[in-house]
Amino acid sequence: MSRTTLTVLTAAGLVTVSVGMMVGRYYILGDDILVPRGPNTWKVTMRVDGNSLTNNAKVQTITPLSFGHQHIKREKWRSAELVGKLATARHPERPQVLWSQGAGVPPGPFHAYYEFYCVVDVHRPSTKMAQLADTLYAAPAAGDQLKSAPGIDCDDPAVSALARRLTAGREGSVDQTEALFRHVDQEVRDDPNLGGPGLGAVDCLKNGRGDAGAKSRLLVALCRNRSIPARLVTGLRLVRDSSQISHTWAEAWVRDQWLPMCPFYHHYGRVPATYLIFGFGDQPIVRGHGVRDLDYAYLVEHTLPEGQPEDPSPLRRTLKQLSLDALQPPEARMVEFLLLLPIAALIVCVFRNLVGVNTFGTFAPALVGLAFRELQSLPGILVFVSIVLLGWGMRRILDHYHLLQVPRTAFMLSLVVIVLILTVVVANCQAQPIEATKYIPLFPIVILTGMIERFWTLEVEDGTSSSFRTLFGTMSIAGIIALFLSWPAVVSHMFLFPETLGIIMAVQLLIGRYTGYRLSELFRFKEFIGASEA
Amino acid sequence: MRWLFRSYRRLKQLGILGMNMRNAAYILDHNPRALYPLVDDKLRMQHLCEQIGVPTPAVYGEILYHSMLRNLLDHLGDREDFVIKPNRGSAGRGVLVLVGRQGKGYVRHNGESLRLEQIRQHVSDILSGMYSLGGRPDRAIIQQRVRIHPAFEPIAYKGIPDVRVILYRNEPAMAMLRLPTKASNGRANLHQGGIGAGIDLASGITHHAVQHDRHVLSHPDTGIPVIGTRVPCWREVLDMSRRVAGAVKLGYIGVDIVIDAEQGPMLLEANARPGLAIQIANARGLVPRLAEIDAMLDRPRTQQAVEDQAVAGKIGERLRRSA
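Residue numbers (numbering that gives the first Met the number 0), protein chains in the order written: chain A, 0 to 533; chain B, 0 to 322.
Honestly, the hints are just simulated from the structure, not real lab data. Because the structure is a prediction, the values reported are computed rather than measured.
Here are the simulated DMTMM-like pairs of lysine to aspartate or glutamate, each with C-alpha atoms no more than 25 Å apart in a straight line:
#, chain 1, residue 1, chain 2, residue 2
1, A, K127, A, E92
2, A, K525, B, D199
3, B, K181, A, E458
4, A, K75, A, D31
5, A, K72, A, E373
6, A, K127, A, D255
7, A, K84, A, D292
8, A, K75, A, E498
9, A, K42, A, D31
10, A, K75, A, D120
11, B, K181, A, D461
12, B, K103, A, D398
13, B, K157, A, D461
14, A, K319, A, E335
15, A, K72, A, D48
16, B, K157, B, D255
17, B, K181, B, E111
18, A, K205, A, D154
19, B, K181, A, E526
20, A, K319, A, E498
21, B, K248, B, D28
22, A, K72, A, D133
23, B, K157, A, E458
24, B, K11, A, E526
25, B, K157, B, E116
26, B, K157, B, E111
27, A, K525, B, D212
Turn these sequences into a full structure, and let the hints steer you where they fit.
In C-alpha cells form, the structure reads like this:
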C-alpha cells in the first residue's frame with residue numbers, strides 16, 4: 000500500500016470515527032447536547048421591537064456581564080431587519096449588542112432577538128471573570144458616587160431633610176444605610192414596573208410610591224446625601240415568567256465593600272444569585288438612534304427546574320458529565336484555547352503548504368494569532384509590528400557590539416520588555432489613559448524577541464525585501480487566525496462537538512501528503528510557463 | 000482564477016517538481032531522517048569521502064569551543080588564504096572566504112578587509128549556532144580555499160563557481176553551474192543573485208541560464224556569455240557525485256562540487272534537501288527525468304541488460320567512427 004493511500008485511509012478513518020461519535024452523542028443526548036442544563040443554568044431570550052425611521056437606524060441593547068459568580072455563554076443574536084454585533088472588547092464592563100439597519104432593508108418595523116445561557120452561583124470564576132469583578136467591585140475614587148445625577152438629586156431639600164431625620168442619632172455608615180433602606184423598603188409603596196425611564200428620587204419621595212427603579216434611585220440619593228457612596232445596579236431577575244423587563248437595585252459602599260440592597264423585593268446585604276447583573280449605573284436597557292416605538296421584554300426559562308428528576312439513563316448521565324459544558328469557567332476557558340490551537344495550526348498548514356507563504360517559525364503565527372484573538376483588537380497587530388521593527392533597529396545597533404548569541408538574545412528580550420513597559424506608561428500618561436493591555440499581547444514576548452532576531456538574520460542573509468515579505472506573511476496569517484477564531488460560531492461548534500478535532504486531524508494528514516503545487520509556485524515559475532507557451 | 004488553473008495544468012504538463020512533491024514524494028520517501036546528520040556534518044562527510052576516494056578541500060583545523068578563540072591566530076597559522084565555515088551550515092550561510100593578509104588583518108574574496116577581532120566574532124557566531132541548521136551550537140572549520148579553474152574565470156565575479164548535481168536513486172537527474180556575481184557578493188548562491196546555468200548531462204555544456212529566476216545570456220558583471228561553457232572534468236564530476244550519493248545512501252540528494260584549478264573536482268558538500276531552482280536554470284522540469292530514472296531502475300534485470308548492451312554497442316560504434 001502506498002503512503003498516500005495509507006494517509007487517505009487513515010484520514011477517512013478519523014473522519015468516520017469523529018462523525019460517528021458526533022452522531023452517536025447527538026442520538027443519545029438529543030437537544031441536550033446543544034442546551035447546557037443544570038439547577039443554576041438559565042436561558043434568557045430578549046426581544047426588541049421598534050420602527051426604524053432611516054437607513055442609518057442604530058439600536059443598542061446592553062447585555063449581561065460575565066464576571067464574578069455569573070457566567071454567560073452561547074450568546075446568539077438575530078434579526079431579519081437589523082445586523083447585530085456583540086461589542087465587548089473595548090469595554091468589557093459595558094457589554095452590548097450594537098444593531099444597525101441591514102443593507103437594502105427599507106426603514107420600518109423591526110424585531111431583534113438576543114439569547115443567552117447563564118450560569119449563576121459559579122464557584123470558581125475564570126481569571127478574566129475574576130479580574131472584571133475586581134475592577135467593578137473596587138473601592139470608589141474619592142468623591143465618586145456621591146454627587147447628584149439625573150434622577151438622583153441627593154441635594155434636594157426634601158431628600159436632605161429625610162436623610163437627616165432617618166439617620167439622626169445613628170453613627171457609622173452601616174447603621175445609617177440600614178435605616179435609609181428600611182425606610183424606602185417599608186414606607187415607600189411599590190408600583191408596578193412599566194419600563195421606560197421611570198420616576199426620579201424626588202418624585203418617588205413626593206408620591207410616596209415608585210417602581211423598583213424609582214425606589215432604588217431614592218435609596219441611592221439618600222445614601223449619597225449622607226456621604227455614603229452608592230450606585231444603581233441594572234439587571235434581570237431570573238424567575239420563570241411569561242414576560243418581564245429589567246430590574247434595578249442599589250449598592251452602597253460600607254465597611255469597604257459594596258453592599259447590595261433591593262428595596263422592592265426586600266433584600267438587604269445580599270441579593271439572590273438569580274439577580275443577573277447587566278451593568279452599574281442608571282442605564283437604559285435599549286436605546287436607539289433614528290428609531291421610535293422601542294420596546295423590549297425578556298423570557299426567562301430554567302434549564303433544569305427544581306424537583307425535576309435526574310436523568311434515569313446512566314449512559315446519558317455519563318455523557319453529560321463528560322461534556323465540556325460541565326466544566327467550570329477556568330477549565331472551560333483553557334479547553335477553549337486548546338481546542339482552537341489545532342485549528343490555528345491547520346490554518347498555518349494551509350498557508351504554508353497550499354499557498355506557500357513564508358513565516359518566521361512554524362507555529363509562531365498560530366500563537367501570535369491566538370494572542371491577538373484574546374485582545375480582539377487590530378491596533379494590537381500594529382503595536383506588535385511596530386515593536387518588531389523597533390527591535391530590528393535596536394538589533395542593528397547591537398550588531399556593533401559583537402555579542403555572543405545567547406546573551407545578545409537575552410539583551411534583546413530586556414530591550415523588548417523596556418519598550419513594552421514604556422508603551423504602557425506613555426499610554427497611561429495620555430489625557431484619556433489608554434488601556435495598553437488591550438493592545439499589547441503579553442505571552443508571545445519570547446516569540447517576539449525570536450522574531451526580531453530572525454528578521455535581522457534574514458535581512459542580512461537574503462535582503463531587506465525578503466525579511467519584510469516574511470514579516471508580512473507571518474502577520475497576515477496571524478491576523479487571519481485571529482479573525483477566523485474570533486467567529487463565535489467556530490468556538491461554540493468546537494465546544495459542542497470537540498470530536499471535530501478528528502476531522503481537523505484528517506485534513507492535516509491529507510495536507511501532509513499533498514504533492515500539488517503551492518499557489519506561490521505558480522508565480523515563481525511564471526516566466527517558465529510564459530517561455531514554454533511562447 | 001482561470002489563469003491559476005491554467006498555470007497549474009501547464010506546470011504539471013511541463014513536469015515541474017513543486018516543493019510539496021519534492022518533500023512528500025522524494026525527500027520523505029527516499030531520504031531516511033537518520034542519515035541527515037551525516038550530510039549536514041561537513042567533517043563526517045570529509046571522512047566518508049576519504050574512505051570512498053572522493054577528494055575534498057583540505058581541513059586545516061577545527062574550532063570547537065569559545066575558549067579556543069583566544070588562540071585563534073595559532074589555529075590560522077601563517078596561512079594567507081583559507082575559508083572559515085560552519086560545520087553544519089547550509090546554503091552558503093556563514094562562509095567566510097579570506098584571500099590574503101593585510102597588515103594584522105585579512106582580505107575577503109570581495110576585497111573587504113577584516114580585522115582579526117571581526118573574524119573572531121564571526122567564528123563565535125558560528126559556534127553559537129547562528130548559521131547552523133536548527134540553530135544548534137556548531138563547530139567552525141578552517142578549510143583550504145579552492146582556486147578558480149581557468150575555464151570559469153571569465154564568467155565568475157570574485158568567487159568560485161560550483162556545480163550542483165541532483166541525483167535520484169544514485170543516477171544524475173539534473174545539474175547546474177552556479178556562478179558568483181556582484182549582486183551575490185561573490186557567492187555562488189542563486190537566492191542572493193548568483194547565476195544558475197543548466198548543464199546538459201550528456202555533454203557537460205551549459206545550455207540555459209537564469210539570474211533571479213529570469214533568463215540571462217551573459218554574465219552581468221563580465222559580459223561574457225554563460226551559455227555554451229563546457230564544465231571541465233565533467234565525467235569525473237558525474238562519477239564523483241554518483242559515488243557520494245551511493246555512500247550516503249540518500250535516494251534524493253544534491254551534491255555540490257567545485258573544480259580546483261590544480262586538484263580538479265572536489266566535493267564541497269551534499270544536501271539532503273536540494274532546492275527547486277535547478278529546474279529554472281535548466282528550463283525543464285525534474286518530474287519526467289525522475290520518472291525516467293524510476294522506469295530505468297525498475298525494469299526487469301534481463302531486459303535492462305539487453306538494452307544496456309544495445310546502448311553500449313551504439314556508443315562503441317560511435318566512438319569507433321569518431322576515432
